[in-house]
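Trainee: Chain by chain, the residues run as shown.
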Amino acid sequence: MITGSEILLDSFIAEGVDTIFGYPGGQIMPVYDKLVDYTDRLRHILVRHEQGAIHAAQGYARVSGRPGVVMVTSGPGATNVITGIADAMADSTPVIVVAAQVSTALLGTDAFQETDFIGLTTPITKWCYQIRRPEDVAWAVARAFHIATTGRPGPIVLDLTRDAQVGIAEAGHKKCDFIRSYVPRPKPSAENIVKAAEMINAAEKPFVVYGQGVILSGAEKELAEFLNKGCIPAGTTLLGLSALPSNFPHFKGMVGMHGNIATNVLTQECDLLISVGMRFDDRVTGKTSTYASQAKVIHIDIDASEIGKNVPVDLGIVGDAKDVLTQLLPLVQKRDRSEWETTADMYGDLEKHKVIEPEVFPESGRIKMGEVVNKVAEVSGGKAVIVTDVGQNQMIGARYSRFAQSRSMITSGGLGTMGFGLPAAFGAKVGAPERTVCLFVGDGGIQMTIQELGTVMQEHTGIKIILLNNNWLGNVRMWQELFFDQRYSSTRMLNPEYSFIASAYGLKYRFVEQREELDDAVREMLFDDSAFLLEVHVEEMGMVFPMVPPGKSVNEIMLNGTDWFEYGE
Amino acid sequence: MENKLYVVSAYTENQVGLLGVIANIFTRRNLNIETLQVFPSEFEGIHRFTIKTRTTQDQINRVLMQIEKKVDVIKAFSYVDDEVLMLEHAQVGAFLAAREAEYESDK
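These protein sequence lines are chains W and Z, in that order. Using this note's numbering, the letters of the first sequence correspond one by one to residues 43 to 611. Using this note's numbering, the letters of the second sequence correspond one by one to residues 12 to 118.
In short, the hints are calculated from the structure, not lab data. Be aware that one or more of the hints could be misleading.
[What the hints assert, rightly or not] Derived DSBU-like pairs: lysine-lysine, alpha-carbon spacing no greater than 35 Å straight-line:
1. W:Lys594 <-> Z:Lys86
2. W:Lys351 <-> Z:Lys86
3. Z:Lys80 <-> W:Lys216
Note that the structure is predicted; figures quoted are calculated from it, not measured.
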């Protein structure tokens, strides 16, 4: 017989956990006490704020495909991870949060550091459970890992009462692989697969939009084969980035608000839209009433509730992207649709000329954000894991980074959490220590979780932080310029002296303001594996284009502050 | 699209907190629950919810999928309530009419 705390840690090990991101406190102390005996098997990373723990766990999970584990105390420790739980829910990230809870006798008495954490997190978790007895610990942990990692992944909360931590029960962990009410990998309907193949074979101008489902199901190879066989152009969502290499011939870019012109226009020109492992977020669809309204739509997703949720579909296939694509492949005819595909390249050229070249290779003026991202892509050979914060740094980071392998883009897509970047980059480096991890972050976002530089320092985690400093909350400022009559309400920001911050935390640091220094600075940053803060003073009034303004159809695209995309240019 | 009264019927595991989970699916979409019952179903260990709400077919389809998505929910169905309602209305109406006739004849 052992304590519930030991059962918890044994269960972690049985489930393959090697790292826990956490922060101790009153009610979780029994587990932290036992942790001392497990230091040879479990690495505990002490963050500086619980929000840092959950975003780090997300970064770890996204880069490695293994669930991230977070351990925090009750009350404020627990409530501090809520933003990250909501973020993981929106972006289908497998994380398991163990939050302590007061003893069962005190539940409901407004005890010190008691919150109704199950009540708080029920709407933003895939599953949550309050463990009241030590004999339920192993069962709950096994169930948590099964639910978090299968089907459409998501966050789990285990509310661990003090009784369950200190009480005694039988040792032994039994993995969970079956829950009768839960069907994680529904078998795709054979009839619908045949129907889909017929629709694809009959299509003259098919277009694929894929999302993170391709990465989560490991269907990268199947997707590439599918596109090759049918000669079908494809666009990705923000979270689907890196599923296909950037130089893959059928890859035409990102869709959505700041996506590429070609992919957005093809959406409105295709006769068949095949969506794989994505959920038609409003940032992807723009105005839904006109979105691909000329086309038939096939929607492939593992989550049945996504089919027809935002966009009406002609055929929905509920299933794992890999299963569906594997079954579709033999039925899809080999076709040459290169004439249709060249229209994408035509729009690609237009974007290159009108938007990309002025952003990436400006001849004068202040350094632009796109220049920096492009330089990092160039020097790293597109091999780095790219992590972004939220805002202009994110959109520019997504647009101008290049990817050679899957699981290389980590960003807060659905929830759009500023402050996500720094801890997520840290977690990504822990999850993939052999890879270079580059973070693009703004001066707003970095200050939301800047305390995690302490964790970077303590753990010697060699992340490369590229701070795109424009002294503004750039994305909101941009919207104020475009849609709110240039009334810059609370977006101007006075920044600290970042070189002092870097030296306080023992980071290598370099400041760049002149275009000529950029190449050398990026090379210096990527030269070795130590943590580095590269601060670049970028153009203050920088913008992100192209842009599909909110409420517009995805082919109504602003190319800059005055010009709109027109057909036949 | 036309608003109709729907009956949602869901079979679930007997877990603490599921009522809140399911009720929240309606709340999030601003759907008023007209009636709600939770009781043991004809299957052992499985509970059944019946919930009436007034909404559109599209919305009820989404609600059903969201309910079924919950880990502890086994299966959910929906019916248009009109028929059930008319049947019940007719039965209750007939019952009352019969009672009234009895009362009249007793007088």
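Trainee: Next, verify each hint and record whether it holds.
Mentor: Hints versus structure:
Between the alpha carbons of Lys594 of chain W and Lys86 of chain Z the distance comes to roughly 38 Å, so the proposed pair goes past 35 Å and is violated. With a C-alpha separation of about 19 Å, the suggested pair Lys351 of chain W and Lys86 of chain Z falls inside the 35 Å cut-off, and the hint holds. The straight-line distance between the Cα atoms of Lys80 of chain Z and Lys216 of chain W is roughly 25 Å, inside the 35 Å bound, and the hint therefore holds.
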